[in-house]
Amino acid sequence: MTIDGSLAQWRERAHRFEQEIEKAVIGQRRAIRLITISIFTRGHVLLEGDVGVGKTTLLRAVSRALGGEFVRVEGTVDMMPTDLLYHTYLADDGRPRVEPGALLRQADRLSVFFFNEINRARPQVHSLLLRLMAERSVSAFDREYAFPHLQVFADRNMIEREETFELPAAARDRFLMEIAVAAPRDEETRRQLLFDPRFHDPDALVRRVEPGSFDYRAVVDVARAIQEQVTASEALQRYVLRLWTALLDPAGASVSLPDLDVAHLVKGGASPRGLAFLVAAARVRAFLEGRDYLVPEDIREIFIEVMAHRIFVDPIYAMRGDEPVKRLCRAVFDATPTP
Amino acid sequence: MATLFLALLLALPVSCAAAQAATAEIHSERPFGYFVGDLIHAFVDIRAEADADLRPASLPSPGPLTISLDLRDSRLEPIAAAEGRRWRLHLTYQTFYVSLDVRDIKIPGFTLIVARPGGDEPLSVPSWSVGVAPLREVTPTKAQEAVDYLRPDGDPPRIGERERERVTMALAAATLLALLLVARDRAIPPFHSRSVRRFARLARRLGPLEWRPADAAQTIEAMQSLHRAIDATAGRSVLSSDLPAFLDAHPQFAPAEAALRRFFDLSERLFYGDAAARDDDMAEIAAVARALARRERAR
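Protein chains in written order, with my numbering: chain B, 1 to 339; chain S, 1001 to 1299.
Calculated from the structure, these hints are not laboratory results. Predicted, not measured: the structure shown is a model, and the values here were computed from it. A virtual CB, placed ideally from N, CA and C, is assigned to each residue, including glycine. Please note that a few of the clues may not be correct.
Among chain B residues calculated to face chain S with C-beta under 7 Å, some are [said to hold, decoys possible]:
1. Pro202
2. Ala204
3. Ser233
4. Leu236
5. Gly290
6. Tyr293
7. Val295
8. Glu297
9. Asp334
10. Thr336
11. Thr338
12. Pro339
Can you make the complete structure from the sequences, with help from the hints?
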């Protein structure tokens, strides 16, 4: 029942980390919790949300609390993979120079790499990013650069369709979660955001965050320890397998939705890798809740964020965005008995 | 009856067609005693050589024959014969002749076509007559009232009503019962608020187990049954964190909140943690089921 002494300390640090971020970003408790889960799962994150809801401020606060370096890149339609790696310029002597870009210069110190509007960049850039995310390394200047602590955050421009390149399925599958960052609903929070001057200066806001709530270089080991120490009972394993079956064959599991043909909804993506990511993230959630065993709530709490962006639906429903998948996920949970 | 009918048959004179081989003989049920509207049954026996055949198109077809005589039906029946071929042409006429005295009316003849290898030959069936009679006397006895010239209507047949009433009542009762069963099944008013009493059923089942030394498998099974009953009441799978929403939707269980919370904690430790079932767990589960069963009736 009790978590190992050092892990218990890490849980306290994780909570302190969340509290630090909440100093800068209000009304985003769930997004902050999910980011914390992704950090301790060592997974990359897609952010989803309207313009101006504070995604960048949130990430800068995360980066500051986490320690390490923060690099931000804007996706553009003419961006090439080399733009991420090299910095080319004409030197004072008039000769061209090629030097490592911001990414390579601080490879082993880099903790947060934020790719803004990732779908503005071309597929060539996506494939470099895929390598960076999957292997945490890139090749440049005839050598390998390793990014042992790197965590990629990316957000997609969901408004414009012109000059955007949808992320390929394989790239989306590399992201652990897609976290929705929405404007706060609570009236008091909204009032503060609009009328409290401290929320109008993002730099000052981020400075309120105490840097380095914990050592980002230790997260690799802590993440491994969490995965080893949080257990999944036989009942829970059966429950997750039942969920998976219901997701792949909703009609067979008596799942029905009023205006969706559930028998033909899911075309793919509920893969073993996706489910393995889900269990890994659920273990971190259990750790943050102070348990050393998984319960169904751990799975449900993160299910949509981990699974929805990697489930591909029939093209008939694809036009409706991820709403059919989210509804299906909820219906699957409602129909699957526990334990 | 058939014998009587046959006995009444009267063979009419035979008409011979041009070829000696084919003959036609008319038989009628009786040659007299017909009133307006009566059916006149007759048949024509036709004999021909073995290689002959009758042209179907030449057979008389039903329809009006004269102003007061219709052919109602005509049917050809082949008859097995030792030599040559035989047919019996059944004819049913109906007379509409309103006769004022007893007299004969003529039934027109017709011509059949007999097909032979050598060519077609006509076989004429001659006209014949039957006697018709008036329905009433021409000058009846003088009556006081015009209505006295008419015979009164016959009494309608008496039909037993009691039997039908009984059948109707029985069917009505069966229909009502079926409607009630459907209404109960579909929870249509007055059954809309009927509770399935899942917890009462479960509490009854767990009652006897409570006082025995329970083994772990029984405890697990009882716990799962209670989870399923809660799920069925909510219409969805209820996790521990759903408890407040469940109690909001089913306020009758709110007084049992503490018991429910204890149950979910116990279930979590037993199913997902490393706790093992204890001897008194079954009593705890049965107590929760009893508490819920009591509240279930409050609906």
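Results for each hint:
1. Pro202: violated, 34 Å
2. Ala204: Violated: closest Cβ of chain S sits about 37 Å from B:Ala204, beyond 7 Å.
3. Ser233: holds, 5 Å
4. Leu236: holds, 5 Å
5. Gly290: violated, 12 Å
6. Tyr293: With Cβ-Cβ at 5 Å, under 7 Å, it holds.
7. Val295: holds, 5 Å
8. Glu297: holds, 5 Å
9. Asp334: holds, 4 Å
10. Thr336: holds, 6 Å
11. Thr338: For B:Thr338, the interface hint holds, since the closest Cβ of chain S sits about 6 Å away, which is under 7 Å.
12. Pro339: Result: holds, 4 Å to nearest chain S Cβ.
Hints 1, 2, 5, counting from the list given before, are not met by this structure.
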